[in-house]
Amino acid sequence: MPPTLSELLRLPPEVGRMLSPASLGCSRVTWQVLCRDGAVVELRPGFALLAGVTPTPADRAQTLVGAVPAGVVVARAWAVWIHAGGPPPTPPRRVGVVYRPGTSRPRSMPGLEPVQTSLRPWDVVLVGDLPVTSPVRTAMDVATWSTGAEAARDLVRLRTSGADLPAGMAELRRVTGWRGSLQAVRRIEAATLVALGTADV
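Residue numbering for the sequence shown follows my numbering, starting at 1 and increasing by one per position.
Rather than coming from a laboratory, the hints here were simulated on the basis of the structure. For glycine and all other residues, C-beta sits at the position ideal for the given N, C-alpha and C. Misleading hints may appear alongside valid ones.
[Unchecked claim] Each pair of labels, with its calculated beta carbon distance range:
1. S104 x V53: 32 to 42 Å
2. R94 x R120: 21 to 31 Å
3. E189 x V41: 26 to 36 Å
4. R105 x L126: 21 to 31 Å
5. V53 x G197: 26 to 36 Å
6. A167 x R105: 24 to 34 Å
7. T30 x G177: 46 to 56 Å
8. P106 x L126: 15 to 25 Å
9. R186 x S118: 16 to 26 Å
Start from the sequences, fold in the hints, and give me the full structure.
Written out as structure tokens, the structure is:
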């Protein structure tokens, strides 16, 4: 049966900036075709922007809002991705989050990798609606806890995106009891030189 006049005149549903199979009302197969043909560019599996739209930190953060419960903060490699862009941490890697001492550890969240740590108010920023460690705190964490190659890569990404790495070094020297602070400072120094084009990773 051909469509009625009212159906032809019906306005299409409003589609927001962030696209997903649900928002487009399409199947997973159709979604994969859209990604393959370059009509949309996936930020993370199941989340995409129209081709030609430049992703922002808020866009990347939006892809995690439904996966991160209240009371925790996105951190480490995932915070690097939100602040600096580039490819997200390789699947099936869980989303790194931190929670403060005295608060409850996230439960029944198999997609998270929770770590307890102290967070000062200025260590956390809101990116869109998502709490994320600040670029400086992210640099401190990555320099301390990531492997050498991963830390070097992510610190350069942060520096290139505008993060104040010298402020991270200053904080590491100032905070007492920060485990591995000397190595972290050396890593940040090396990444700063690479970002400035005066050294190689």
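Exercise for review: Could you say whether the range 21 to 31 Å given as a hint is met by the Cβ separation of R105 and L126?
Suggested key: Once the Cβ atoms are compared, 22 Å apart, the range 21 to 31 Å for L126 and R105 holds.
Review point. Should the hint that E189 and V41 are 26 to 36 Å apart at their CB atoms be regarded as holding?
Key: holds, 35 Å
Point to revise | 26 to 36 Å as the expected CB spacing between G197 and V53, which holds or is violated | key: Holds - the Cβ-Cβ distance for V53 and G197, about 30 Å, lies within 26 to 36 Å.
Point to revise | L126 and P106 - C-beta distance against the hinted 15 to 25 Å | key: At 19 Å between Cβs, range holds.
Check your understanding: Okay, A167 versus R105 on CB: inside 24 to 34 Å?
Key -> Given a distance of about 30 Å, which is inside 24 to 34 Å, the answer is holds.
Check your understanding: Do the Cβ positions of S104 and V53 conform to the proposed distance bound of 32 to 42 Å?
Key -> holds, 38 Å
Check your understanding: Taking 16 to 26 Å as the hint, is the beta-carbon distance of R186 and S118 inside that range?
Key -> holds, 23 Å
**Study point:** Status of the given 46 to 56 Å range, CB of G177 versus CB of T30
**Key:** With a Cβ separation near 53 Å, T30 and G177 satisfy 46 to 56 Å, so the hint holds.
Check your understanding: Measuring from beta carbon to beta carbon, are R94 and R120 in 21 to 31 Å?
Key -> Since the Cβ atoms of R94 and R120 sit about 25 Å apart, the hinted range of 21 to 31 Å holds.
The structure shown violates none of the earlier numbered hints.
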